[in-house]
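Colleague: Next come the chains, spelled out residue by residue.
Protein chains: 2
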Amino acid sequence: MDGTAIVLTNGFGDQSSAKTAHGLVRGTDRYRIKAVIDPLNPGKDAGEMLDGKHRDIPVFDTLAAFLESKPGKVDFAIIGIATKGGVFPRAMQPTVESAIRHGISIVSGLHEYLGDIPEIAQLAQEHRVQIIDIRRPKPKSQLHFWTGDIRKVTCPRVAVLGTDCNLGKRTTARLLVQAAHQQGLNAQMIYTGQTGWMQGGKYGFVFDATYNDFVSGEVEHAIVRCFEETQPDVIFIEGQSSLRNPSGPCGSEFIVSGGAQYVVLQHAPARRYFQGFEEIQASIPSLKSEVTLIRMYGAQTLAVTLNTTGLDKRETLRYKVQFEDELGIPVVLPLQEGVDSIIHQLKTLSGQKNPVVDGGSAV
Amino acid sequence: MDGTAIVLTNGFGDQSSAKTAHGLVRGTDRYRIKAVIDPLNPGKDAGEMLDGKHRDIPVFDTLAAFLESKPGKVDFAIIGIATKGGVFPRAMQPTVESAIRHGISIVSGLHEYLGDIPEIAQLAQEHRVQIIDIRRPKPKSQLHFWTGDIRKVTCPRVAVLGTDCNLGKRTTARLLVQAAHQQGLNAQMIYTGQTGWMQGGKYGFVFDATYNDFVSGEVEHAIVRCFEETQPDVIFIEGQSSLRNPSGPCGSEFIVSGGAQYVVLQHAPARRYFQGFEEIQASIPSLKSEVTLIRMYGAQTLAVTLNTTGLDKRETLRYKVQFEDELGIPVVLPLQEGVDSIIHQLKTLSGQKNPVVDGGSAV
Numbered sequence: 025m026d027g028t029a030i031v032l033t034n035g036f037g038d039q040s041s042a043k044t045a046h047g048l049v050r051g052t053d054r055y056r057i058k059a060v061i062d063p064l065n066p067g068k069d070a071g072e073m074l075d076g077k078h079r080d081i082p083v084f085d086t087l088a089a090f091l092e093s094k095p096g097k098v099d100f101a102i103i104g105i106a107t108k109g110g111v112f113p114r115a116m117q118p119t120v121e122s123a124i125r126h127g128i129s130i131v132s133g134l135h136e137y138l139g140d141i142p143e144i145a146q147l148a149q150e151h152r153v154q155i156i157d158i159r160r161p162k163p164k165s166q167l168h169f170w171t172g173d174i175r176k177v178t179c180p181r182v183a184v185l186g187t188d189c190n191l192g193k194r195t196t197a198r199l200l201v202q203a204a205h206q207q208g209l210n211a212q213m214i215y216t217g218q219t220g221w222m223q224g225g226k227y228g229f230v231f232d233a234t235y236n237d238f239v240s241g242e243v244e245h246a247i248v249r250c251f252e253e254t255q256p257d258v259i260f261i262e263g264q265s266s267l268r269n270p271s272g273p274c275g276s277e278f279i280v281s282g283g284a285q286y287v288v289l290q291h292a293p294a295r296r297y298f299q300g301f302e303e304i305q306a307s308i309p310s311l312k313s314e315v316t317l318i319r320m321y322g323a324q325t326l327a328v329t330l331n332t333t334g335l336d337k338r339e340t341l342r343y344k345v346q347f348e349d350e351l352g353i354p355v356v357l358p359l360q361e362g363v364d365s366i367i368h369q370l371k372t373l374s375g376q377k378n379p380v381v382d383g384g385s386a387v
Numbered sequence: 025m026d027g028t029a030i031v032l033t034n035g036f037g038d039q040s041s042a043k044t045a046h047g048l049v050r051g052t053d054r055y056r057i058k059a060v061i062d063p064l065n066p067g068k069d070a071g072e073m074l075d076g077k078h079r080d081i082p083v084f085d086t087l088a089a090f091l092e093s094k095p096g097k098v099d100f101a102i103i104g105i106a107t108k109g110g111v112f113p114r115a116m117q118p119t120v121e122s123a124i125r126h127g128i129s130i131v132s133g134l135h136e137y138l139g140d141i142p143e144i145a146q147l148a149q150e151h152r153v154q155i156i157d158i159r160r161p162k163p164k165s166q167l168h169f170w171t172g173d174i175r176k177v178t179c180p181r182v183a184v185l186g187t188d189c190n191l192g193k194r195t196t197a198r199l200l201v202q203a204a205h206q207q208g209l210n211a212q213m214i215y216t217g218q219t220g221w222m223q224g225g226k227y228g229f230v231f232d233a234t235y236n237d238f239v240s241g242e243v244e245h246a247i248v249r250c251f252e253e254t255q256p257d258v259i260f261i262e263g264q265s266s267l268r269n270p271s272g273p274c275g276s277e278f279i280v281s282g283g284a285q286y287v288v289l290q291h292a293p294a295r296r297y298f299q300g301f302e303e304i305q306a307s308i309p310s311l312k313s314e315v316t317l318i319r320m321y322g323a324q325t326l327a328v329t330l331n332t333t334g335l336d337k338r339e340t341l342r343y344k345v346q347f348e349d350e351l352g353i354p355v356v357l358p359l360q361e362g363v364d365s366i367i368h369q370l371k372t373l374s375g376q377k378n379p380v381v382d383g384g385s386a387v
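Quick mapping for you: the protein sequence lines, in order, are chains A and B.
Just so we're aligned: the first sequence equals residues 25 to 387 in our numbering.
Just so we're aligned: the second sequence equals residues 25 to 387 in our numbering.
Honestly, I wouldn't trust all of these hints.
Copies of the same chain are indistinguishable here, so a pair counts whether it falls within one copy or spans any two.
What the hints assert, rightly or not - Capping the alpha-carbon separation at 25 Å, the derived lysine-lysine pairs in PhoX-like fashion look like this: (1) Lys164 / Lys108; (2) Lys97 / Lys58; (3) Lys43 / Lys164; (4) Lys176 / Lys226; (5) Lys176 / Lys108; (6) Lys97 / Lys68; (7) Lys312 / Lys344; (8) Lys68 / Lys43; (9) Lys108 / Lys162; (10) Lys58 / Lys226.
The hints are simulated quantities; they were obtained by calculation from the structure and are not laboratory data.
Construct the entire structure; sequences and hints are all you get.
Modeller: So, in structure tokens, the structure goes:
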């Protein structure tokens, strides 16, 4: 664990923009989260706001109010929001500067590097605190090309993909790891986003901050290292975006470069268009065609997991039955019923080969 | 045109490692190529070596020998080789330093930046020449996210994809542009590799040196800008790698983010495994499944173009007939018979919609 932390947001209730904060409140092994600072939701418990579970993480409206509560030592203030274009909202700068003056280091996963903002960089130097910009690309000397070493990995690899961005892939992947642990399996997770790193991921990389040429090698390297160091029973790979999201198609890397034999596919039936592109009506393709596409890359979809946002119980059940009939695979509600069934299913499968990576017959 | 140039190689005859040099000898609008420096092939004509066509580009074994020939002013020396991992071969450093001392600027598309090698950087400063590292990523402030503006582009877009890397996609794309020009069309090309830039491409970006998150937006931006500035009849997009190449799966971006409605698919029948991964026998999937996969992304494969390396005339004809029967689309030999037929074919097609990008019915 790196230390204690607070999370800065500006509207914790917003599913999309506060995604990083939600992940941190849901659970992190890297930090002990002491509070959320959010001017819009003071006095609440962040856990209760998120999903009704009290987690003893109070929300304060200002950093000053939090510090007045005599919270003890705080090591990090984490920027808990995602913004359009990854720009750092200047409205947050006073809070960040105040944190630095109180000896608190700053962690950010935004595209705009806080360490490149002169006033922040200088202040951090004066107060000897760190500015950790997670998305800053690694130097090339630390990056890996794909080598084919993935073939040495003999345990099953399951990629948690989705039909859109921002619909719960990381959360489902974490639930799968937890469920596998409870069933006595040594399960590991490969993180591929900044929130995954913030949650304490040891193996992985920040996908979208990587030069394209190194993505395949970084996926492979993370999996191979994880396999060699932990000898796991199963590896879950956090997916990103979706295979046909025009704003950033992604997913084939996990199957063809990471050699995932299996996929758990997260889907939000109430969402008709790709998030952020509702106005231009960029349609999310059908679930059935997504499963076919995944098959063409060489992986078998084990189960569909549903994000039920915007659905009532009746509609949820209707979709579950419809998709099970249509696809002939289990459709699971991770947040409501857990994912134990997928782990049971996984246990019955032996180490299948990935046709592309393992040199079986090409599809 | 940027100026006159020489190309440095170390084995011009090698199809794979001298790919950049071959592209430059084949034709560039950015430079006037005066010579190739290659210790292994002095005294020959580079054009004749490449494909039997004399191009008045002599090969010298050393820079000194070239300079003794009183060649007049030379502005640039281009590193014409691709190396494993993109490392700059130190055996070339004396030649590069000598060029700098003669006032010649250096252009490199290697992963390793020549401008970061202290002796080279310092020497360049002393002699006031430029070190142009094409793969150095642009600053984020100059990069674009995907916006959906691609929908404003009304002309047909044709992505030239392939079933592997390094089998002639860029060359076929250039031939298509030339053939279209000869048939009176205003055809434009989007370059996506460093050689494309070196050949004088005005619209495009270096795909593999781009942070993953900006790839979709850079593809879109290049196409939209090209469309607005040149009002073309057709845009050809240079593909990279292949959809299922484990060392860097790529291609869906051109269809789902760049809205390509059509694909010309380059294929090398004699190649069974992905280049560089023959030892681990990573199989290239079947041509038929590739066409199906492209269809799933929303594009129609107009024609297959064959790289006939390693095939005799009889085998070539056999594959041509076999693939035409199997796929029901034309199979063309670009270097032997040209690509006029594909342009004719394209003329008969009206501006079809891309189902994903243009909001038609999802696949």
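Colleague: Compare the structure with each hint and give your call.
Modeller: For each hint, the structure was consulted:
1. In this assembly of identical chains, the alpha carbons of Lys164 and Lys108 lie at most 25 Å apart only when taken from different copies (14 Å versus 27 Å within one copy).
2. Taking CA atoms no more than 25 Å apart as the test, Lys97 paired with Lys58 passes inside one copy only; the shortest distance there is 10 Å, against 67 Å between copies.
3. Within a single copy, Lys43 and Lys164 get their C-alpha atoms only as close as 29 Å, which misses the 25 Å cut-off; across copies the closest is 23 Å, which meets it.
4. Taking the shortest Cα distances, Lys176 and Lys226 sit within 25 Å of each other inside one copy (20 Å), while across copies they are farther apart (44 Å).
5. Taking the shortest alpha-carbon separations for Lys176 and Lys108, only the inter-copy value of 22 Å comes in at or below 25 Å, while the best intra-copy value is 40 Å.
6. In the homo-oligomer, the alpha carbons of Lys97 and Lys68 lie at most 25 Å apart inside one protomer (22 Å), although the nearest pairing across protomers, at 73 Å, exceeds that limit.
7. With identical chains, the CA atoms of Lys312 and Lys344 are at most 25 Å apart within one copy only, with a shortest distance of 13 Å there and 34 Å across copies.
8. Taking the shortest Cα distances, Lys68 and Lys43 sit within 25 Å of each other inside one copy (18 Å), while across copies they are farther apart (62 Å).
9. Taking identical chains as interchangeable, the C-alpha atoms of Lys108 and Lys162 lie at most 25 Å apart whether they share a chain (23 Å) or sit on different chains (20 Å).
10. In this homomeric assembly, Lys58 and Lys226 come within 25 Å of each other (Cα to Cα) only inside a single copy, at 22 Å, whereas the closest approach across copies is 52 Å.
The structure meets every hint from the earlier list without exception.
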